[in-house]
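**Student:** Sequence:
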Amino acid sequence: MSLVNISHKSFAGLKDKVIVLTGGSNGIGAVVIAQLADVGAKVVFGDIKAPESAHNSASVTYVKTDVTAYESVLNLFKTAWSKYGRIDHAISNAGLVEIGQLFATGEDDANIEEPPPTMVLDVNLKGTLFFTRVAVHFLRKSLAAHKDAQKDASILLVSSVAGFGEFPGLFQYSASKHGVLGLFRSTRSFLLSTEGIRINTVLPNMTRTQMVSGVIALYESLGVPCNEPSDVSNTFLHALASDANGEAIYVSGTKTYEIEKKLDTVRSDWLGQGVYDELVAGQTALGGGGNWTKRKGGSKEDYDNGELKN
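Residue numbers 1499 to 1808, in the numbering used here, belong to the letters of the sequence shown in order.
Please note that the accuracy of each hint is not assured.
[As the list claims (entries may be wrong)] Between beta-carbon pairs, the in silico distance windows are:
(1) K1562 - S1500: 35 to 45 Å
(2) P1549 - K1576: 33 to 43 Å
(3) F1665 - P1615: 10 to 20 Å
(4) A1647 - L1716: 26 to 36 Å
(5) G1511 - N1609: 50 to 60 Å
(6) R1683 - S1505: 22 to 32 Å
(7) L1720 - S1766: 17 to 27 Å
(8) H1644 - N1743: 50 to 60 Å
(9) D1741 - E1612: 25 to 35 Å
If you are wondering where the hints come from, they were derived from the structure by calculation, not from laboratory data. Glycine residues also receive a C-beta, built at the ideal position from the N, C-alpha and C atoms.
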């Protein structure tokens, strides 16, 4: 795990860049938008609810967006493209914390008949998947349209400390944030090599927002450092403004750490050489990802025909 040095001077490079973001009406996202506006970026953000107060900057545009609805995510990017004719960076920030009790103790027969709500999975994971797919399309389109002027494009995914640690009680939240980390890992080499698009992920520890206000005091009583939204926002802007790719950045208090690359170097020790060699062989077999899509049964048509169901 290596310490990440964040240079606020680098944020000036985001001036006039067009950035699409989800989840910006409150919490971390609202701080990110304000900080981006301060450095002169143009922001188009989506959220299910409009912000309580309008942003002072004319460079900030709100679009009502439900990240669980593909057409809504698509509309967000279309709005940004229609307004500016380019998109430089995309941040998938919309998220929910755990709702309800997935494994309620003493649950009776009547309750188990009802399926649990899956909104947390839908927003955090399906929403991120939709966002990333649409973002790749518009970033590719922007790089092609402005190949002489635009040299960089990136996607930032938001996972969590619960995306790599064990947090009993946060069942759907933890599963969804592990899923975001998995999406990041499967795209970090693929997108850069095929599209020239960088992708990174930020994994914050507990952050002071309204969603988690009830547990902040518990963390503090145990001496666990809690983030201010600005700590996380600084990390977001660093990921956009730098040339980083494939970085998983953990935010804890005022410190940030890259946690993925060290893991890559010790994976053979963790798994054992034999298992590690098998893992690498499987990765090699799939190449840059194209070998999977070309295999028989890799299309939606084959799934619809029942060839992928067993």
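**Student:** All hints, please: hold or fail.
**Tutor:** To see whether the hints hold, each was checked on the structure:
no., hint, verdict
1, K1562 - S1500: 35 to 45 Å, "40 Å, holds"
2, P1549 - K1576: 33 to 43 Å, "21 Å, violated"
3, F1665 - P1615: 10 to 20 Å, "19 Å, holds"
4, A1647 - L1716: 26 to 36 Å, "50 Å, violated"
5, G1511 - N1609: 50 to 60 Å, "54 Å, holds"
6, R1683 - S1505: 22 to 32 Å, "26 Å, holds"
7, L1720 - S1766: 17 to 27 Å, "35 Å, violated"
8, H1644 - N1743: 50 to 60 Å, "20 Å, violated"
9, D1741 - E1612: 25 to 35 Å, "49 Å, violated"
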